[in-house]
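Q: Residues per chain are reported as follows:
There are 2 protein chains.
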Amino acid sequence: MPDLGRREHVDRTVRVRCHELAPAIADLDANLCMIGMAVADATAAGVQLLVLPELATSGYHLTPEEARATALSRTSPVLDGWAAQLAAGAVLVLGFCEADGNELYNSAAVITRRGVLGVYRKTHLWDSEKEIFTPGAVRAGVLDTPLGPLGTLVCYDLEFPEMPRGLALAGAEIIAVPTNWPLLDRPPGERAPEVVQAMAAARASQVAIACCDRRGAERGTAWTQGTVVVGPDGWPRGEKDELGRLDAVVELKATRTRISARNDVFGDRRPALY
Amino acid sequence: MPDLGRREHVDRTVRVRCHELAPAIADLDANLCMIGMAVADATAAGVQLLVLPELATSGYHLTPEEARATALSRTSPVLDGWAAQLAAGAVLVLGFCEADGNELYNSAAVITRRGVLGVYRKTHLWDSEKEIFTPGAVRAGVLDTPLGPLGTLVCYDLEFPEMPRGLALAGAEIIAVPTNWPLLDRPPGERAPEVVQAMAAARASQVAIACCDRRGAERGTAWTQGTVVVGPDGWPRGEKDELGRLDAVVELKATRTRISARNDVFGDRRPALY
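One line per chain: the protein sequences are A and B, in this order.
27 is the number that the working numbering gives to position 27 of the first sequence; each next residue is one higher, with no gaps.
448 is the number that the working numbering gives to position 174 of the second sequence; each next residue is one higher, with no gaps.
It is worth saying that the hints were derived from the structure and are not from the lab.
Remember, predicted model here, so these are calculated numbers, not experimental data.
Hints should not be assumed to be uniformly reliable.
[Stated by the list, open to error] Straight-line distance between alpha carbons at most 27 Å, and here's what the computed DSSO-like set of lysine-lysine pairs gives: (1) A:K240 / A:K253; (2) B:K527 / A:K253; (3) B:K527 / A:K130; (4) B:K514 / B:K527.
[What the hints assert, rightly or not] Every beta carbon over 10 Å from chain A, so not counted as near; a handful from chain B, in silico: (5) A361; (6) G389; (7) D401; (8) P420.
C-beta: ideal position from N, C-alpha, C; glycine also.
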């Protein structure tokens, strides 16, 4: 864990992009090409934080054999290749199918131009993921990135209020969330329910949350395409273009969790009662 | 705490009403009359759970002297009077200014025809409340009511994700939340942010949440009037009428927290990692 306590907090903005890609199922080469193009495009546009979908390297509805065949090690030169594409000070977060010995993980890598800063393994597995992946065994942590303290979750993790709250309490000012949200029935005019949860989690802890969903129907599943960048005030920022790129500027305030003259969303907590 | 573990869970519905009253500032008699009429009206309509606003007996922007003058003890015959107005099996939750010796609390009473089942004291005080009230010192608990296990929070408490989560994990299937939500700026077309947080909290724990706000401008403060009844799926139910009554039917399922063949929002938790 970085020594976040001594960090000096200053007002600043971060240019965030979530790029809602359509991974090709079990086609590693095609996906690496697509990801490389998305990273280059973001670098050219001056994006500071680029978030790509969950399992962007492999697609989602994999057989165990396909997952194995498309998996990457966290020391793969592929990840270093993305690092080399980034500008100084930029951060990339993307989901990938990770192999470590005999185990497979639904992971997210945090990468800067210096290389892989960290890998987070999804700790809450959804449905048939339980038949392929091993759940992460390590608490989600906060990385000290050039953009400030950043936490990472993967998809269903976000639906456990303990997760974004824990990251924010550990000092995260931005949380990046690669997702694959299957399209569910919802009342007309409503946002995807996962977006509502992101908005609430952001406001509760005054933390920015950037969720990158995917597109492209895959083996009978359509996706919510609910990509959203939420500011620390809980409201979405930016508009998604027809290529699936959502560009947003997020303001991070030095005052952070202070919300009135007498209130601070962390200072007001009553941990002895939880 | 009731022995909720042995309770048999069955599919059932609850007819909920939140009645968005306009308390008169520091006028106890007027407020008791208004509350008595609201309870009678709900009883006549067959409401099973009636939720009334925070500090319904006193109004909100009180001076310390006014708070003292309008405060009630939890053993006040006034509370027994409301109990006598209820039908068998019905539950009333309302906010009141509570006196206990020299201390004042921003409390909520849970009342059935048999009398006062419990009183919860707000544990997270908002802004100038800190100059009048003593924060509650006891963990929010779940009461075994005729409608099933019910938890109570007051207003700002709901904005701490630990609070609704804790009640749901302790067995609550419905959470009643008397509130006074001041009107804040928000983007056009958006719900009040507190409503977004209620929706997210409900879905995360598959628990129903009924928030009763207030109306009537008071000493320069306008109110959100964001009264909402959220089902365990996270979506609002019912419509508010011109008198401020929101009637909604909430379905509580025996399967409760199970959300897919392989997923349960409680069973999937990883408490060792939080």
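Q: Hey, does A361 of chain B actually stay past 10 Å from chain A on C-beta?
A: Non-interface label stands for A361 of chain B: nearest chain A Cβ at 31 Å, farther than 10 Å.
Q: K240 of chain A and K253 of chain A: Cα distance at most 27 Å?
A: Holds: K240 of chain A and K253 of chain A sit about 25 Å apart, inside 27 Å.
Q: Given the hint that K514 of chain B pairs with K527 of chain B, test it: the Cα-Cα distance must not exceed 27 Å.
A: Holds, at roughly 25 Å.
Q: Should the label of G389 of chain B as a non-interface residue stand, given a Cβ cut-off of 10 Å to chain A?
A: holds (26 Å)
Q: Can the restraint linking K527 of chain B and K130 of chain A be considered satisfied, given a maximum Cα separation of 27 Å?
A: holds (25 Å)
Q: Minimum Cβ separation between D401 of chain B and chain A greater than 10 Å?
A: violated (5 Å)
Q: At 10 Å, judged by beta carbons, does P420 of chain B keep clear of chain A as stated?
A: holds (27 Å)
Q: Is the Cα-Cα distance between K527 of chain B and K253 of chain A 27 Å or less?
A: violated (43 Å)
In this structure, the earlier hints numbered 2 and 7 are contradicted, and the remaining ones agree with it.
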